[in-house]
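Residue numbers (the numbering used here), protein chains in the order written: chain B, 1 to 436; chain U, 1 to 436; chain D, 1 to 436.
Treat the hints as calculated values from the structure; they're not laboratory data.
You may find that some hints are simply not true.
The list makes no distinction among identical chains, and a pair is therefore deemed to hold if it is satisfied within one copy or across any two copies.
[Unchecked claim] Think about it this way: if two alpha-carbon atoms lie no more than 30 Å apart in a straight line, the pair counts; the simulated DSBU-like pairs of lysine-lysine are: (1) Lys118 x Lys30; (2) Lys118 x Lys364; (3) Lys81 x Lys30; (4) Lys118 x Lys258; (5) Lys364 x Lys258; (6) Lys364 x Lys30; (7) Lys364 x Lys81; (8) Lys30 x Lys91; (9) Lys36 x Lys118; (10) Lys91 x Lys364; (11) Lys91 x Lys118; (12) Lys81 x Lys36; (13) Lys81 x Lys258; (14) Lys36 x Lys258; (15) Lys364 x Lys36; (16) Lys258 x Lys91; (17) Lys81 x Lys91.
None of these values were measured; they are calculated from a predicted model.
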Amino acid sequence: MTRLRNQTGPPSRHLSEQIQSIDPLAEGNKGYALIKALYPICRSITGNGLRQSLRLLQDTVPLVLHEVPSGTEVFDWTVPKEWNIRDAYIKNEVGERVIDFQRSNLHVLNYSIPVRRKMALTELRSHLFTSPETPDWIPYRTSYYREAWGFCMTQRQLERMQEGEYEVCIDSTLEPGHLSYGEYRIQGATDDEVLISCHSCHPSLCNDNLSGMVMAARLARLLEAVSLRHSYRFLWAPGTIGSITWLALNEPVLSRIKHGVVLSCVNAEVDRAVEHVLRHSGHDFKMLEFTPYGYDERQYCSPGINLPVGSFMRTPNGCYAQYHTSADDLTFVTPSALGESLLLLLRIIQVLEENGCYMNLNPKCEPQLGRRGLYRQMGGVTHAAAREMAMLWILNLSDGEHDLLDIAFRSGIPFDQISQAAYLLREAGLLGPVLE
Amino acid sequence: MTRLRNQTGPPSRHLSEQIQSIDPLAEGNKGYALIKALYPICRSITGNGLRQSLRLLQDTVPLVLHEVPSGTEVFDWTVPKEWNIRDAYIKNEVGERVIDFQRSNLHVLNYSIPVRRKMALTELRSHLFTSPETPDWIPYRTSYYREAWGFCMTQRQLERMQEGEYEVCIDSTLEPGHLSYGEYRIQGATDDEVLISCHSCHPSLCNDNLSGMVMAARLARLLEAVSLRHSYRFLWAPGTIGSITWLALNEPVLSRIKHGVVLSCVNAEVDRAVEHVLRHSGHDFKMLEFTPYGYDERQYCSPGINLPVGSFMRTPNGCYAQYHTSADDLTFVTPSALGESLLLLLRIIQVLEENGCYMNLNPKCEPQLGRRGLYRQMGGVTHAAAREMAMLWILNLSDGEHDLLDIAFRSGIPFDQISQAAYLLREAGLLGPVLE
Amino acid sequence: MTRLRNQTGPPSRHLSEQIQSIDPLAEGNKGYALIKALYPICRSITGNGLRQSLRLLQDTVPLVLHEVPSGTEVFDWTVPKEWNIRDAYIKNEVGERVIDFQRSNLHVLNYSIPVRRKMALTELRSHLFTSPETPDWIPYRTSYYREAWGFCMTQRQLERMQEGEYEVCIDSTLEPGHLSYGEYRIQGATDDEVLISCHSCHPSLCNDNLSGMVMAARLARLLEAVSLRHSYRFLWAPGTIGSITWLALNEPVLSRIKHGVVLSCVNAEVDRAVEHVLRHSGHDFKMLEFTPYGYDERQYCSPGINLPVGSFMRTPNGCYAQYHTSADDLTFVTPSALGESLLLLLRIIQVLEENGCYMNLNPKCEPQLGRRGLYRQMGGVTHAAAREMAMLWILNLSDGEHDLLDIAFRSGIPFDQISQAAYLLREAGLLGPVLE
């Protein structure tokens, strides 16, 4: 079910070198180009739009495409029928398309059953959805689990519609088929897994969810090229039903998942890793408490599954006006923000990769660092050099109870400095791993 | 020793309905009328004034009157002799009563032994008590455990007294008798008890303690009419010696007491219940840390007793100028404040009644609420409805470790909404009780 | 290895009486006089200057002088050769001493190997150290573990030196010898020890370290005269290598050390004791988190030693401009500050001596304090007297889980009032010790 990297041995490049060498803006530009290609496609929780999108991602990363039949029972849910759509419109009495799916796929209530009728505006109104507080934007609405049909439009469009008869057409199908999702796994030195998941079911919406889909693909491509301690599993799946389906089909795998990130938030050690990296990033940030109304972390963190999965978002869902409207378009995401987010994600992964718990092998008093070339020889100066401070903190706290991330938090020293100092101490034989 | 409700079966009315239907101001008016009737009576820790006051409360609630003989040993203490008083005064040389017990029973040092003498003002002074910083108010003073006599008066009264001889009379008795207290118990579905206690020994003082005595009686009357999970025990007893006496005589009962409120403060789960209700009440409030210098919670919470009893006060004792003076009179309490406090108490009791710890019976991913009619069918909207959020929080945290009150605190959702959502989830078979 | 007080029986004076009776300013004056006598001596981590300083302290307290041979292995370190110095200078071409060790012993890089050469300023420069940001102060520099030589001088002195040839002389020796340290132990009623340690290796620097050396000596003299529960061990030893040497030679003793103070900071119970005393002292203070870059607490608290040792400083090292420069001179310390610090230390020791965990022997309700003369007899007053409040807090919290220091923190009452109230309750038979 998963695909291994097509290479003879593991790559020898270190993640820290990879982080040093990437150009965030160049990465952001590549990501933006991919978002542009994906934007026009009408995705849903099943169907050809979703399938085609996953195939487009295969140019960046050779993900495996899974197809799960409609009717498959997944925990309390059932995989629904597959939905496809070719066209949809509302025509006025003179035959003009006043609402046209070809202009924006948001115009159709996602998962609308087929309809082809003439009806008066009075009757039609109960099938029309607008967002009156942002009258120039088309809202995004869905009806996956109750059969319905409808059109979304701007408030201004609605106001321009005059009484009279309209021709309504939704040329869709809702039939037994498959739910599609993409999966890509990088084998690391151990089978302990980091799960990186993003939902992939939204149609023409850029920040939510194209940025996540694309960043996950770029991240996978970068991680593929470096030696890793953990294995990494990437999932591109429709929201809710997709993660539930994957969880139901993969229960034996779950015990291997040590950390998870829904591309936005974070939990458990991941929480601490993300908080630490953000704190030293110079960006404003907020650690949001877990709430059960997020994305797929709702499923990963349900009490019977309980994976240490968080989410990572620049702006939380529902906290920006453009959320779930046509204004979340290609002007709402930028190459530079995409590149910065990618870099933050790499630094978070660096913490997951390099964190560990060590024992001070010379625990009685400080070892004489000076004769090992690890300490300045001139005494009396006011402040220790940063590297020396990092080493003293590590030696003092490495009693088997504190990992390097604990030490970074406690000391206020950035994780990468702590990690480098720990490397020097290990090389000098002063620090040894704690066997768990 | 306790009296059961005179009815055939338990009442079927729900507490939440009772809360919806009461008119706080009407309740406050009834309470105020009772305070007015009790105000003129000279209460003390024993005696006819206390006895008569408890009998007056019987019009509201059929409390049992207990009489414990003087000399009874109660832990480290002994029930004192019974004190009664008919009259007291200081007459000047022309026979005018310059201080007259008939005008205010606060004029006598409570528990004064009988005295009938003539003496010069110089000699009399050591028996006179005033409050110089509030020169128009009579202070309230007592001497229960050392035989003494004295008069309390305003500073202005003292200043008007000229040198010369005065006739002093305290027509009191201090003889073997009884200590009286009132008790009323409502049997609920279980024997787990909530203790609601108030001290009843203060003479003409309205906020401290008449408001507590009367609110306890009104509360008992309202609770009597609804179906309850806990049993409720109400105590009207003199401060310190009364609660000590009750505790000493009722040790076997103590293990049944799960929560307690001295009408003001709160502890243990009660603490959390009170804090939660106050937080959502729109009133300014302060959770005061327990201190050992309060009212009878000092006794209930002593280390060898250690009941989870808190206290509930609108204004803590000693934090208002009128405390323990004649200014704590009928103008210092209002029907509207009494009614509001009663409503807050009912809401606190609602939390105690409805709180519980449940298990999510469908713990792997979220259950599909939509097909059970518990979730909107239209997707894509920015914010979940309040009821849906409450259900998601409950499902996520109901792992047997968190009770509904925990979930209310964690989510920031008022307890009654959480409680209602939990009811719906139980009805849908998605939530089951944790057997303790 | 330790010296007992030369007396027949233990002193009967109480520490609290000692604290009442001392005159802080008189103590400060005695300390200041001793600092003045020690100031001109050139101390280092070994050598005659250190030895002579310890002998001078013997006038205040009969400390034992220990001599540990060069080459002794102490954990990861080796006791270095002994360094002594008679003279040092830089002469210009006309034979004037432009830098003269006789004017300030800070002018020589501490532990400089002998040198006697003529050299051009160009060549000499790499051996000259200044502090450009404080151009009138001589910095203090050392090179204990790498053989080197050098001169420290003010930036202005360096700027005045003209190009040309200079005669350089350091008349020092670095030869096998001894490391000296002083130790003094007061036997208390138990063998549980409090370790009070200060480093003694700095040359003409007053706040760091002469104030610590001298305060430790004055403190030892005051404690010697009172009855004590703990035994007290004082150490005057060179920084780092001195504490490491003492620890390596005294491992069997370590389990007896219950508290420790490096004259500045504090840990474990000591932490709480110091925080409490400072909070009630009226001084501004900061509890600094432990960092591994302090003084000898770095060694005492290393994970393989892990003693509960903190440090106590008025101003932390490195947080004042004068630190490790010639400006830390006799004008930088004052008798009044020395006296105040001594008093604070005594109060901290009082907490260590008097703290304890007790059981309320009358745990069911409050005992009747009034009939034991421990409670006012007049009731109704607004606020309890401070002593009564202290007794109520102690009775309520003395369940075997809270010691007196916990009760002082929880109640906000100064420790000495809690301690006195606990004494009264013990005398009345209401409080008994918890046997551990």
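So, against the hints stated earlier in the document, which numbers end up violated here?
1, 2, 3, 4, 6, 8, 9, 10, 13, 14, 15 and 16
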